[in-house]
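S.K.: One-letter residues, chain by chain:
6 protein chains.
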Amino acid sequence: MTEQWLESLITATPQEGFELALTLSRRGVKYTQPDTEVLKALRHGYANSADGLTAASQVVAINFQTVAAANNYWRGI
Amino acid sequence: MTEQWLESLITATPQEGFELALTLSRRGVKYTQPDTEVLKALRHGYANSADGLTAASQVVAINFQTVAAANNYWRGI
Amino acid sequence: MTEQWLESLITATPQEGFELALTLSRRGVKYTQPDTEVLKALRHGYANSADGLTAASQVVAINFQTVAAANNYWRGI
Amino acid sequence: MTEQWLESLITATPQEGFELALTLSRRGVKYTQPDTEVLKALRHGYANSADGLTAASQVVAINFQTVAAANNYWRGI
Amino acid sequence: MTEQWLESLITATPQEGFELALTLSRRGVKYTQPDTEVLKALRHGYANSADGLTAASQVVAINFQTVAAANNYWRGI
Amino acid sequence: MTEQWLESLITATPQEGFELALTLSRRGVKYTQPDTEVLKALRHGYANSADGLTAASQVVAINFQTVAAANNYWRGI
Numbered sequence: 052m053t054e055q056w057l058e059s060l061i062t063a064t065p066q067e068g069f070e071l072a073l074t075l076s077r078r079g080v081k082y083t084q085p086d087t088e089v090l091k092a093l094r095h096g097y098a099n100s101a102d103g104l105t106a107a108s109q110v111v112a113i114n115f116q117t118v119a120a121a122n123n124y125w126r127g128i
Numbered sequence: 052m053t054e055q056w057l058e059s060l061i062t063a064t065p066q067e068g069f070e071l072a073l074t075l076s077r078r079g080v081k082y083t084q085p086d087t088e089v090l091k092a093l094r095h096g097y098a099n100s101a102d103g104l105t106a107a108s109q110v111v112a113i114n115f116q117t118v119a120a121a122n123n124y125w126r127g128i
Numbered sequence: 052m053t054e055q056w057l058e059s060l061i062t063a064t065p066q067e068g069f070e071l072a073l074t075l076s077r078r079g080v081k082y083t084q085p086d087t088e089v090l091k092a093l094r095h096g097y098a099n100s101a102d103g104l105t106a107a108s109q110v111v112a113i114n115f116q117t118v119a120a121a122n123n124y125w126r127g128i
Numbered sequence: 052m053t054e055q056w057l058e059s060l061i062t063a064t065p066q067e068g069f070e071l072a073l074t075l076s077r078r079g080v081k082y083t084q085p086d087t088e089v090l091k092a093l094r095h096g097y098a099n100s101a102d103g104l105t106a107a108s109q110v111v112a113i114n115f116q117t118v119a120a121a122n123n124y125w126r127g128i
Numbered sequence: 052m053t054e055q056w057l058e059s060l061i062t063a064t065p066q067e068g069f070e071l072a073l074t075l076s077r078r079g080v081k082y083t084q085p086d087t088e089v090l091k092a093l094r095h096g097y098a099n100s101a102d103g104l105t106a107a108s109q110v111v112a113i114n115f116q117t118v119a120a121a122n123n124y125w126r127g128i
Numbered sequence: 052m053t054e055q056w057l058e059s060l061i062t063a064t065p066q067e068g069f070e071l072a073l074t075l076s077r078r079g080v081k082y083t084q085p086d087t088e089v090l091k092a093l094r095h096g097y098a099n100s101a102d103g104l105t106a107a108s109q110v111v112a113i114n115f116q117t118v119a120a121a122n123n124y125w126r127g128i
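Sequence lines, in order, name chains F, V, S, L, Z and R. Adding 51 to a residue's 1-based position in the first sequence gives its number in my numbering. Adding 51 to a residue's 1-based position in the second sequence gives its number in my numbering. Adding 51 to a residue's 1-based position in the third sequence gives its number in my numbering. Adding 51 to a residue's 1-based position in the fourth sequence gives its number in my numbering. Adding 51 to a residue's 1-based position in the fifth sequence gives its number in my numbering. Adding 51 to a residue's 1-based position in the sixth sequence gives its number in my numbering.
There's no promise every hint is true.
Computed cross-link-like contacts, DSS-like style, restricted to lysine-lysine with a CA-CA straight-line distance of at most 30 Å [what the hints assert, rightly or not]:
1. K91(R) / K91(Z)
2. K81(R) / K81(Z)
3. K81(S) / K81(L)
4. K81(V) / K81(F)
5. K91(V) / K81(S)
No wet-lab data here; the hints were simulated from the structure. None of these values were measured; they are calculated from a predicted model.
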């Protein structure tokens, strides 16, 4: 995969940081399953499963730890 | 999603920080499943499942690590 | 929820810190399922399930990381 | 529970620290299920389940992060 | 295993760091199951399972925390 | 268990650190199930399960965080 998708962990605001954490979480999936059609088909399943949604939120939480630390928790804002 | 929902990780007290961690956890779900009706329907299921509740509490714990660090653990209080 | 239940992450001893981590873990559950009767009914199930107990212990471990860091690991004791 | 079981996170060696992480993990279980007979009965089950053992090892790993940080990773040894 | 596969945690960019986190995650699997044929056979299964993909993304997120910290979050870029 | 198996978290290289993380993960299992014959029998099962391998890799990732921090991420190499 030579596509450039992540240039920096620094974001202007915490909310942008949270959204970057979402991107990181989805990329973690996409590197394992690059086929967009398969991903779309699977998405319907876990987006309608409480366990699947909680698990997805957990991955976002872990990536948000990284992004928040990188931004020194946006303390200067 | 252009709605502004997260302005800062800084809170006045640890309890407000814990409640912000809850908000982050729910937002992690909502970005994946934005349909409020679907979320309500799923909520009944996991709110009555011990495994589902433990998993939800774990995501809150992870997000609380981030919020607590951002607030330097409210040591000055 | 306007009840005040968390005033500080600082505790006198590591053991009190561990017990605070337990409180945080249970509160993470209670915010999602505030009905005490439902919680009592579920408790019997997971307190008799090895997987449920391990999962509960994991949430405590994550919250204990936060409390221990807040207390600078009680190094001065 | 008024029993005193955790006096300090500081240990003389990394291995003692790892064993303290085991103690923390088991205490996380015991606070939820204090009945020793129930715990013994459950133990047979998860000690013979690969998934149960991996989950137990994960809790130990999380607690070991805390103990290792408390001891500044025993760098002076 | 005497093969040399990890020389440094330092990478030029965050994206290379994320890809290193992927490598670490796969190596964590490969040390347990070194048989490449078995791994290929299993890959089809979890690459088509929403739960399997989320779990894989979580391991990457944890390893990315390590790599990002090692690189001081590429703050100088 | 009086056997000495962990003398230090310091390793010469990142790869040795990763392999130490593997050792920690396996020891976390072995303290719970010390019977080598049982462990061998279980190993076949999870080494052929995608979920089991991902879970094992996650424990390694958590322990690698500890070892990498102990070694200050081998930044001097």
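S.K.: With the threshold set at 30 Å, check whether the alpha-carbon distance from K91(V) to K81(S) stays at or below it.
M.R.: Roughly 17 Å between the alpha carbons, so the hint for K91(V) and K81(S) holds.
S.K.: Between K81(S) and K81(L), does the CA-CA distance stay at or below 30 Å?
M.R.: Roughly 20 Å between the alpha carbons, so the hint for K81(S) and K81(L) holds.
S.K.: Going straight from one Cα to the other, do K81(V) and K81(F) come out at no more than 30 Å?
M.R.: 20 Å, holds
S.K.: Checking one constraint from the list: CA of K81(R) to CA of K81(Z), max 30 Å. Satisfied?
M.R.: 20 Å, holds
S.K.: Is it true that the CA of K91(R) sits at most 30 Å from the CA of K91(Z)?
M.R.: With Cα atoms ~23 Å apart, K91(R) and K91(Z) stay inside 30 Å; holds.
When held up to the earlier numbered hints, the structure conflicts with none and fits them all.
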